[in-house]
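Q: Residue-level listing of the chains:
Protein chains: 4
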Amino acid sequence: MSKFPTDLSDDIIDNLRAEYKNESVRSFSPELEEILHKPVPVLDHGFVRVIDYMGTDASIVQAARVSYGIGTKKAQEDKGLINYLMRHNHTTPFEMCELKLHVKLPIFVMRQWVRHRTANINEYSARYSILGNEFYLPEIDQIARQSDSNRQGKSENAMEPIQAQEILDAIAGVQKDAYEKYSHLLDDMALTREIARTLLPIGIYTEMYWKIDLHNLLHFLKLRTDSHAQYEIRCYANVILDIVKKWVPYTYDAFVNYRQKAVSLPHHCINLINRALGGEKISQENSGLSKGEWQEFTKIFPLDK
Amino acid sequence: MSKFPTDLSDDIIDNLRAEYKNESVRSFSPELEEILHKPVPVLDHGFVRVIDYMGTDASIVQAARVSYGIGTKKAQEDKGLINYLMRHNHTTPFEMCELKLHVKLPIFVMRQWVRHRTANINEYSARYSILGNEFYLPEIDQIARQSDSNRQGKSENAMEPIQAQEILDAIAGVQKDAYEKYSHLLDDMALTREIARTLLPIGIYTEMYWKIDLHNLLHFLKLRTDSHAQYEIRCYANVILDIVKKWVPYTYDAFVNYRQKAVSLPHHCINLINRALGGEKISQENSGLSKGEWQEFTKIFPLDK
Amino acid sequence: MSKFPTDLSDDIIDNLRAEYKNESVRSFSPELEEILHKPVPVLDHGFVRVIDYMGTDASIVQAARVSYGIGTKKAQEDKGLINYLMRHNHTTPFEMCELKLHVKLPIFVMRQWVRHRTANINEYSARYSILGNEFYLPEIDQIARQSDSNRQGKSENAMEPIQAQEILDAIAGVQKDAYEKYSHLLDDMALTREIARTLLPIGIYTEMYWKIDLHNLLHFLKLRTDSHAQYEIRCYANVILDIVKKWVPYTYDAFVNYRQKAVSLPHHCINLINRALGGEKISQENSGLSKGEWQEFTKIFPLDK
Amino acid sequence: MSKFPTDLSDDIIDNLRAEYKNESVRSFSPELEEILHKPVPVLDHGFVRVIDYMGTDASIVQAARVSYGIGTKKAQEDKGLINYLMRHNHTTPFEMCELKLHVKLPIFVMRQWVRHRTANINEYSARYSILGNEFYLPEIDQIARQSDSNRQGKSENAMEPIQAQEILDAIAGVQKDAYEKYSHLLDDMALTREIARTLLPIGIYTEMYWKIDLHNLLHFLKLRTDSHAQYEIRCYANVILDIVKKWVPYTYDAFVNYRQKAVSLPHHCINLINRALGGEKISQENSGLSKGEWQEFTKIFPLDK
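Residue numbers (our numbering), protein chains in the order written: chain E, 27 to 331; chain C, 27 to 331; chain R, 27 to 331; chain B, 27 to 331.
These aren't lab readings, by the way, just hints derived from the structure by calculation.
A couple of the hints might just be wrong.
Intra- or inter-copy, both count: the list cannot distinguish identical chains.
Quick list of in silico lysine-lysine cross-link-like pairs, PhoX-like style, CA-CA up to 25 Å [as the list claims (entries may be wrong)]:
1. Lys105 x Lys47
2. Lys207 x Lys47
3. Lys307 x Lys317
4. Lys317 x Lys331
5. Lys271 x Lys202
6. Lys202 x Lys317
7. Lys248 x Lys307
8. Lys272 x Lys47
9. Lys325 x Lys64
10. Lys105 x Lys317
11. Lys307 x Lys331
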């Protein structure tokens, strides 16, 4: 019979790791092997755990060097080559690595996640199985007023704790009631699972296996660790970024520097910087930028100070 | 300000069609032009409407014939060539046609739909905008007991109408309560939209623009018009199949015959048929098939009669 | 029988355009309609011609606004929204437009082109048909010495015309001899086409139909109009960029400014610029950049002047 | 400096395997580990060698069972489940396995191979490096007359050995001459590599790293082990099919039975078979099939005997 959520106690994980132990002649990432199969907690009921991987920093270098036959292999050169590839958008060698994760996450996070199409997914199906009674409930400090100026983000004036608690109670109330009705319709009314689930809120947890190559994973991480991404998916993305650091440390460094913390400077902003470097005083008025662009620009280059 | 659900009255559609009218030298599908922009209703609040298209049956033939230079163009030959392409799995010419739809559908249907990765999607975002108070509520005859023998489908003993109504009332009750709480949290508590929505059931309606090439659309239709697909997505798939019939009639015929109503016969079943054609009496016992396979097989070839 | 290369005289094109003329209610691009079906010459025997398209700048805006219901439609706002989408890497609305081209190009260019995987291709097949006697022969000024410092590019000391002519004669000689043998093996020895073609040089011309969405097309153009791309594919990319300008002028402007002529500034270079803006004198020594990075950096921001 | 073709002597491979040896807790395929890194010869100068892999039959089962929590693990049930998945086109669990190959192959084979878009590729680049003097020359028995009835395949009347040798000599002559000119232009005329290579015939060998998931690999194998595929790519596909047998034996069996040796029976042919099973004598005349379809049909079901 169906068993959800997946039981992942320390004993089960230890047994899994012992069962899988074998001598292999594949590419090998020592730090990642340490955490294989072990769940890393995310949000109130979620987790990310690495199921499998293919390739390492050396595999990226190997693929890049197929153009030159078998090249040298000194670590320092590998790091330099990976920086070079990242800097010049030579993305195909990064596709030569692959990661497989087991993730437990709320459905509304899953709905954002699944938009990354170049990945393989097997999700727990609520047509065939019964979803567990686990819903995402934000922490109190995540509850904040809808900002007027920024319809996407959160106001800086967080509300009073008593109000926040009232909100959490309201959300939890709907969740509790919906799950009771779900159980009732399944157990007492013998309704099909595929229909019964339609009353469940999108804060309920689901699980999936997710497999993706490193290039597309980095693209996911670029978008989903960004401050504009919703807080909840950012929590998952940050955990995965830590995993990438263990797995392919040179690529991690290159990614952070050349992608995550890089900025794309449009042509007219290159000119602005060169005018400023030439000694001209640049203001929004003589910049030609809109108010929004000027704010974004001066957040990175504080010409207005 | 945000306006949802989209207003698509007859007047608005007529104006749209008048506004878009132009003389073009592109491939042209007369029957599809007739229904462009007009919503076709699906389920209780949903619709499918064609926004745009590229290519026709003739475009498929054109692409297939690039291998042979500019060939003949008689309609009968075109139909034969399209049958030939479909029969021999020459799929790339069908990728030369493209369809763009505007679809309104419940989130749980959207979650199945989005798994077809080779497509372009823009979905209404409940992070930025407020979802309307429209939920999917099945028709009474869609409410049926969960079958024991087939956990995926529905029992043939439909329940009593009075019970079915009780189920619908329970679902509608959760929907109503959830939407009231959603409105309250947004309007009175100033909660962010991205958090408030997490209490909404997956039966709520959303909208999207969906663009896909004909080859991948046919794959979608093969899977989603199948009797194993959930009823609700089948309703959408059948409406789209009718659209395909208007758009590319030769391809439609070839698809129905060579794909939708075709069967894939495994190697050991080819042998079985040849034994039966040779006069041997085939039973499950001497077939080597499992009970499940034998049932599937004799549903198509009633050797057990 | 097979007819290659495709005959595209002015008369044939005029007839095609007349034949396709219809009143349509689809999205419409006036400037692109003007050149539909007409080949634009590229290199010595190649061409690009637009066969079909779907969508315009307005379609991008429409898809982006599905999140907000049907919004306003003033042209100036459309331009601003497209700039916003491009600036913030909101790429999915650009996928809502599609372009179909007929391209004639040398096989070695085709081999680079086909690496862009998110596209639909139907190529002339030399297994089934006979390739025409048309090979790419560079113009004399494209013939240059292999640079030692830059193994990818061309030396700035172009060789003597007499040497260049000698090179062209050598290439043309191999092409001529190979095609004669090819014809001989087909006509006199009755060799299969699929084997006979294996002796043909990769400079021979082939043809394809190519269909791609606008987002992926812009990615192609970003990479293939870059100065590091091989000259020959750059010629095609530049012709297609002109086509994009006619088709979706707002998107074209946004692409040039925010993508093609933009630079991606790594994190440590942001710091460098801010140090320079703060009045510090930056040199390679105190920049922490390698010689290569310093050269790239000061080409854009001439701090060394 | 560039070194091509890659040196893969037994010693080098043994050292590689020793160097890579580690204790891992990943999914493990014992038979595949035996041949990791070792080249399997294909055609006259080519090879296929497995560089890395992710997953096994058990990983497919694991992904399929995520819908049901952690299920039972008996081998016999795993085999049955894999058959079930293959039979019902549940393809996503097969995407959970990944294979990475190093392949050496002629460019004209590469041109067919690269059409399989859902894969990752790093190919030896002749823009940056010098191609080695290795060309594909068919075996004498592969040389056959172009069939009139089947423009794609080969006649059954193979030609005289003396003619075949003449053909081989002609092909080899062009190859030899082209490579001499190539070397001359590079060494004596200092022509850029990217231009010099344009005179090389498409029978020359190249190398690539190729990474693909199992579902897409099986699709490749279905198409490329088919008798309609060109002989040369079939040689590669058959070697890879043997690799799949070692790697995922249950999946291999299911693939051969339910895909490779299965037939897709169109709707009107199901009816034909049922008429024949009902005792009716079926001929082309009363079948409604075209001559071509009748031939294909009776090759599988010899109703005409």
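Q: Now tell me if each hint is right for this structure.
A: Tested hints:
Proximity of Lys105 and Lys47 under a CA criterion of 25 Å is satisfied inter-copy only: 23 Å between copies versus 30 Å inside one chain copy. Neither within a single protomer nor between protomers do Lys207 and Lys47 lie at most 25 Å apart by alpha-carbon distance, with minima of 45 Å and 51 Å respectively. Taking the closest pair of Cα atoms, Lys307 and Lys317 come within 25 Å of each other only inside a single copy of the chain (17 Å); across copies the shortest separation is 31 Å, beyond that limit. In the homo-oligomer, the alpha carbons of Lys317 and Lys331 lie at most 25 Å apart inside one protomer (16 Å), although the nearest pairing across protomers, at 32 Å, exceeds that limit.
Neither within a single protomer nor between protomers do Lys271 and Lys202 lie at most 25 Å apart by alpha-carbon distance, with minima of 39 Å and 46 Å respectively. In the homo-oligomer, the alpha carbons of Lys202 and Lys317 never lie at most 25 Å apart, since the shortest distance is 46 Å inside one protomer and 42 Å across protomers. In the homo-oligomer, the alpha carbons of Lys248 and Lys307 never lie at most 25 Å apart, since the shortest distance is 33 Å inside one protomer and 32 Å across protomers. In this assembly of identical chains, the alpha carbons of Lys272 and Lys47 lie at most 25 Å apart whether taken from the same copy (20 Å) or from different copies (20 Å).
Neither within a single protomer nor between protomers do Lys325 and Lys64 lie at most 25 Å apart by alpha-carbon distance, with minima of 39 Å and 46 Å respectively. In the homo-oligomer, the alpha carbons of Lys105 and Lys317 lie at most 25 Å apart only across protomers (16 Å), although the nearest pairing inside one protomer, at 40 Å, exceeds that limit. In this homomeric assembly, Lys307 and Lys331 come within 25 Å of each other (Cα to Cα) both inside a single copy, at 11 Å, and across copies, at 19 Å.
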